[in-house]
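Given next are the chains, with one letter for each unit.
Number of protein chains: 2
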Amino acid sequence: MESKRTAILFIMDGLGDRPVPDLNGKTPLEFANTPTFDMLVSQGQSGLMDVIGPGITPGSDAAHLALFGYDPYENYPGRGPLEAQGAGLSTKPGDVAFRSNFATVDENFIVQDRRAGREISSEEGEILQHALDGLEIEDVLVRFIHTVEHRGALVLEGPGLSPRITDVDPHETGKRVLECKPVVPEAEKTARIVNKLIQLSNEKWNALDMNKKRIERGLPPANVILLRGQGQHMDSPTLFERYGIKCAVIAGGALYIGTAKYVGMEHVLVEGQTGTIDTNFDNIASKVIDSVENYDYIFVHIKATDNASHDHDVNQKVLAIERSDQMIGKIIEAVGDRIVIAISGDHSTPVTIGEHTCDPVPIILWGTNIRPDKTITFCELESSIGGLGTIRGHDVLPLLLGYSGQIEKFGA
Amino acid sequence: MESKRTAILFIMDGLGDRPVPDLNGKTPLEFANTPTFDMLVSQGQSGLMDVIGPGITPGSDAAHLALFGYDPYENYPGRGPLEAQGAGLSTKPGDVAFRSNFATVDENFIVQDRRAGREISSEEGEILQHALDGLEIEDVLVRFIHTVEHRGALVLEGPGLSPRITDVDPHETGKRVLECKPVVPEAEKTARIVNKLIQLSNEKWNALDMNKKRIERGLPPANVILLRGQGQHMDSPTLFERYGIKCAVIAGGALYIGTAKYVGMEHVLVEGQTGTIDTNFDNIASKVIDSVENYDYIFVHIKATDNASHDHDVNQKVLAIERSDQMIGKIIEAVGDRIVIAISGDHSTPVTIGEHTCDPVPIILWGTNIRPDKTITFCELESSIGGLGTIRGHDVLPLLLGYSGQIEKFGA
Numbered sequence: 001m002e003s004k005r006t007a008i009l010f011i012m013d014g015l016g017d018r019p020v021p022d023l024n025g026k027t028p029l030e031f032a033n034t035p036t037f038d039m040l041v042s043q044g045q046s047g048l049m050d051v052i053g054p055g056i057t058p059g060s061d062a063a064h065l066a067l068f069g070y071d072p073y074e075n076y077p078g079r080g081p082l083e084a085q086g087a088g089l090s091t092k093p094g095d096v097a098f099r100s101n102f103a104t105v106d107e108n109f110i111v112q113d114r115r116a117g118r119e120i121s122s123e124e125g126e127i128l129q130h131a132l133d134g135l136e137i138e139d140v141l142v143r144f145i146h147t148v149e150h151r152g153a154l155v156l157e158g159p160g161l162s163p164r165i166t167d168v169d170p171h172e173t174g175k176r177v178l179e180c181k182p183v184v185p186e187a188e189k190t191a192r193i194v195n196k197l198i199q200l201s202n203e204k205w206n207a208l209d210m211n212k213k214r215i216e217r218g219l220p221p222a223n224v225i226l227l228r229g230q231g232q233h234m235d236s237p238t239l240f241e242r243y244g245i246k247c248a249v250i251a252g253g254a255l256y257i258g259t260a261k262y263v264g265m266e267h268v269l270v271e272g273q274t275g276t277i278d279t280n281f282d283n284i285a286s287k288v289i290d291s292v293e294n295y296d297y298i299f300v301h302i303k304a305t306d307n308a309s310h311d312h313d314v315n316q317k318v319l320a321i322e323r324s325d326q327m328i329g330k331i332i333e334a335v336g337d338r339i340v341i342a343i344s345g346d347h348s349t350p351v352t353i354g355e356h357t358c359d360p361v362p363i364i365l366w367g368t369n370i371r372p373d374k375t376i377t378f379c380e381l382e383s384s385i386g387g388l389g390t391i392r393g394h395d396v397l398p399l400l401l402g403y404s405g406q407i408e409k410f411g412a
Numbered sequence: 001m002e003s004k005r006t007a008i009l010f011i012m013d014g015l016g017d018r019p020v021p022d023l024n025g026k027t028p029l030e031f032a033n034t035p036t037f038d039m040l041v042s043q044g045q046s047g048l049m050d051v052i053g054p055g056i057t058p059g060s061d062a063a064h065l066a067l068f069g070y071d072p073y074e075n076y077p078g079r080g081p082l083e084a085q086g087a088g089l090s091t092k093p094g095d096v097a098f099r100s101n102f103a104t105v106d107e108n109f110i111v112q113d114r115r116a117g118r119e120i121s122s123e124e125g126e127i128l129q130h131a132l133d134g135l136e137i138e139d140v141l142v143r144f145i146h147t148v149e150h151r152g153a154l155v156l157e158g159p160g161l162s163p164r165i166t167d168v169d170p171h172e173t174g175k176r177v178l179e180c181k182p183v184v185p186e187a188e189k190t191a192r193i194v195n196k197l198i199q200l201s202n203e204k205w206n207a208l209d210m211n212k213k214r215i216e217r218g219l220p221p222a223n224v225i226l227l228r229g230q231g232q233h234m235d236s237p238t239l240f241e242r243y244g245i246k247c248a249v250i251a252g253g254a255l256y257i258g259t260a261k262y263v264g265m266e267h268v269l270v271e272g273q274t275g276t277i278d279t280n281f282d283n284i285a286s287k288v289i290d291s292v293e294n295y296d297y298i299f300v301h302i303k304a305t306d307n308a309s310h311d312h313d314v315n316q317k318v319l320a321i322e323r324s325d326q327m328i329g330k331i332i333e334a335v336g337d338r339i340v341i342a343i344s345g346d347h348s349t350p351v352t353i354g355e356h357t358c359d360p361v362p363i364i365l366w367g368t369n370i371r372p373d374k375t376i377t378f379c380e381l382e383s384s385i386g387g388l389g390t391i392r393g394h395d396v397l398p399l400l401l402g403y404s405g406q407i408e409k410f411g412a
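Protein sequences appear in the order of chains A and B. Everything in the first sequence is counted per the working numbering, starting at 1 for the first residue and increasing by one. Everything in the second sequence is counted per the working numbering, starting at 1 for the first residue and increasing by one.
Everything labelled a hint here was simulated from the structure, so no lab data went into it. Note that CB positions come from ideal geometry on N, CA and C, so glycine has one too. Possibly wrong hints are sitting among the right ones.
[Said to hold, decoys possible] Distance windows between CB atoms, simulated: (1) B:L135 with A:D337: 54 to 62 Å; (2) A:K374 with B:T368: 22 to 30 Å; (3) B:E186 with A:R242: 22 to 30 Å; (4) A:D337 with B:G160: 53 to 61 Å; (5) A:T368 with B:E333: 38 to 46 Å; (6) B:Q43 with A:T276: 50 to 58 Å; (7) A:T276 with B:S42: 47 to 55 Å.
Please model the complete structure; the sequences and the hints are all you need to start from.
Below you can see the structure in the form of structure tokens.
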């Protein structure tokens, strides 16, 4: 068997791109100065990846599930459980989770402000959280957490729940909060509980001094909860259950942390790690190096590439790629002989488009035990003749575990 | 439709490799002098193959099932039926088969020697075989064959059998033979029969004069059967049932013959064919040439490449590749216009590692009707830009049958 190493997946969010006129027709990755990536490609292998499938534009959450080895068509639980995990609310199979807004309604539940003025302080959020968290409705426990501004996450925990219910948010002011209805008969109980919960949030929050003070200050009271993104934690085995591996996530954004925790990874906090170009790349490198001996698999997420793409900011995207290259260079220098790595994106976000597209993303697979192919630089064009060929997102985990000696042989 | 030819699959076991320092960083296949392979690649196509899937290290048995066109995740029966077929015991759907050892136990079934001294002559083996073969336990027929030394194969034939039972071999001397237990309720009958069988083997074999003579000569008696590798012949259609093709296997090793017979191939015996470098390559070539008119599909297995790899013997591996090249050259010269061939390995066994690994294997597809790609030599590196791309093991059979005019058009 292959000797045991730690597998590391580096994702630069939205990495894939298209030729940019301002870069003389090069893509940001092709244009960027990336000595580490080019060294890794010339020593190892590259290829292209359809993260979900050819022609399918990946959402970030489904893309990451695929990259963690799960078929998203079978295992995508909806946004709610992934956001809840990212917000710090654990979920388990069967739980139904939501993203939530604080909103303002009048006495007839007509929406006055879908975000209750947006500015909710963390002190106010904590008061609102405590008034709702821990409630029991029938045999269902309500768990609620405030995150930032008007946002939060909510989990329903109990028997016989279903996410197949209609939305309550009318998505417009001047309209009444919608009654939650079951889409399938099995969801009747969940719909009933959601309707009671909305009623209760209004009663409990209207009674808070905090809201009376907001009204005195001319601010809209946060007096109802609006839920969306409902999803159910599915009966998917964790990565530990599937492979016996201990996994870490090193990421700044809540959704990525949440998706990683959903499949059983531990969040390793890095001081100064954010979802922007100002993230502390040096601290991330140090933490990855330190974590190699403690984990079998490490997922490292850099968000800055995607932010730049959405902002059509080509220089910022090039910069984010170059800083990632330097960060990975430090890691290779320190622990290169003890790791097998894949470097890629979760989807393409061309700076000329500013949105996710279905273009496949380039990928590098490198380790001192991985034989070379004929490619020598890392970019979309060169990767199209790479030795990996065109793979799917869910191939990445087996490739990393196979070359790091962490999957049993199939058969004898 | 394509004109009818005979499809031939040549497997050099463990062919795939990694750069070897002693070969100036070339792989054995890249270093070897292979004029035939290079001619075939430049006229035809090459590619890489993940025999089971990306990152998955193939065992030999599962790998060959894939190469014969079967999804191993759906069709892998375990080692028992494949070994039984290789030993000459036919199996059919429903049968449960085992590999077996003759062992020595005391009167309390405490294991004294797991191999009964290992040296069991073929005369002794035959006596032991006849004392067990043909027994009936309840409505189940026991079929047993001695192979070499202490080894044999055993088949249970009857209704309601299951392979989901625990092992009986304690794998240590000084320990009692374990009671066989069902892992699922459906396996209760099988476990009961195995326990009775072990008891009966002890009674019948203790009573043999042969064993009394062994004791007189100071040798441990072969007085119990230990079973392992249990598996059930699944309800998989044979290649004839799937495609109406008549198939032959030309191989030296029992496991490869057995796996081929499991899917319905006939074993064509070649004088002097062995599992080592001393196998008679000329006789194999002659037999393949003779068989082209009698079979629609021929599977030819060369084991020497893998033995050399497990022994870390790079020169021997290069030699085995070069002799295979010459052998295939003779076949092309004689019947090249009547065949379509694929040449590959069942998995990688890098000589530097000495074990199976997950690296994809290079493959050639050639026939006078197959158009060329851009590749001109046969090796792992060149194959990474081949026209076949990266295929799976179970793609090989359809490719061979498609180009040899043996699969019907899909649709009208």
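Now the hints, each set against the structure:
no.	hint	result
1	B:L135 with A:D337: 54 to 62 Å	holds, 57 Å
2	A:K374 with B:T368: 22 to 30 Å	holds, 28 Å
3	B:E186 with A:R242: 22 to 30 Å	holds, 26 Å
4	A:D337 with B:G160: 53 to 61 Å	holds, 54 Å
5	A:T368 with B:E333: 38 to 46 Å	holds, 42 Å
6	B:Q43 with A:T276: 50 to 58 Å	holds, 55 Å
7	A:T276 with B:S42: 47 to 55 Å	holds, 53 Å
Hint compliance for this structure: every hint is met.
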